[in-house]
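*Asks:* Sequence:
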Amino acid sequence: MSTGMLLAIVIPVAVVVVLIAAALALFLRHRALRRRFGPEYERTVDGADSRLAAERELSAREKRHDKLDIKPLPDRLRERYSRDWDHVQHEFVDRPEDAVHDADHLVTSLMQDRGYPTESYDQQLKDLSVEHGRTLEHYRAAHEIDTLSASHKATTEQLRGAMVHYRALFDELLSDGGQTRHAPA
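To get this note's numbering, take the position in the sequence shown, counting from 1, and add 75.
None of these hints come from the bench; they were simulated from the model. It is possible that some hints are incorrect.
What the hints assert, rightly or not - Keeping only pairs whose Cα atoms sit at most 25 Å apart, straight-line, the calculated DSS-like set for lysine-lysine is:
hint, residue 1, residue 2
1, K201, K138
2, K201, K142
3, K146, K201
Computed from a predicted structure; not experimentally measured.
Put together the whole structure using the sequences plus the hints.
*Replies:* What follows is the structure, given as structure tokens:
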């Protein structure tokens with residue numbers, strides 16, 4: 076067999092192998108992102124120009140998140156937050172709008188003490204999505220109702236729902252969300 080004929084066989088086979096490897100890598104990346112971000116994956120894909128752009132955005136979120144120093148709370152702080160939440164829940168009976176607003180502040184404070192930046196709501200969503208994608212919709216719904224309540228447009232039932240939504244994220248953050256990742260050394 077001549078060198079030319081051998082190259083005519085080997086080069087196309089090598090190209091096919093490289094294409095299969097690239098397709099497999101993309102599939103595995105897609106599956107890993109979908110598993111990690113949960114419902115937030117589809118939300119990001121729906122809001123992006125393409126699946127590839129959405130996956131780049133999610134990967135960028137992971138990289139930013141990996142640089143954060145997310146840490147578990149010391150027991151004394153965890154207990155204080157639990158007491159503060161109980162106080163906010165009791166406040167709901169007499170002052171539901173204030174209680175929802177206080178719940179928002181309490182969740183933000185908890186995020187900050189865990190190591191999440193809290194400079195803007197949109198960035199909070201992105202940072203939380205990496206480890207808390209499954210409860211992030213609760214946070215969005217609660218925040219939307221809190222915004223309504225600021226102009227006294229939320230019903231008592233909506234305010235009650237906001238407390239339930241805030242509680243879902245609060246509990247997950249308080250319990251470390253099932254995992255704690257630290258910034259690389």
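*Asks:* Now, for every hint given, state plainly whether the structure supports it.
*Replies:* Quick rundown of the hints versus the structure:
Among the hinted pairs, K201 with K138 is consistent with the structure: their alpha-carbon atoms are about 11 Å apart, no more than 25 Å. In summary, the hint linking K201 to K142 is supported, as the alpha carbons are separated by about 14 Å, within the 25 Å threshold. Straight-line distance between C-alpha atoms of K146 and K201 comes to about 18 Å, which keeps the hinted pair within the 25 Å bound.
Checked against the numbered hints above, the structure breaks none of them.
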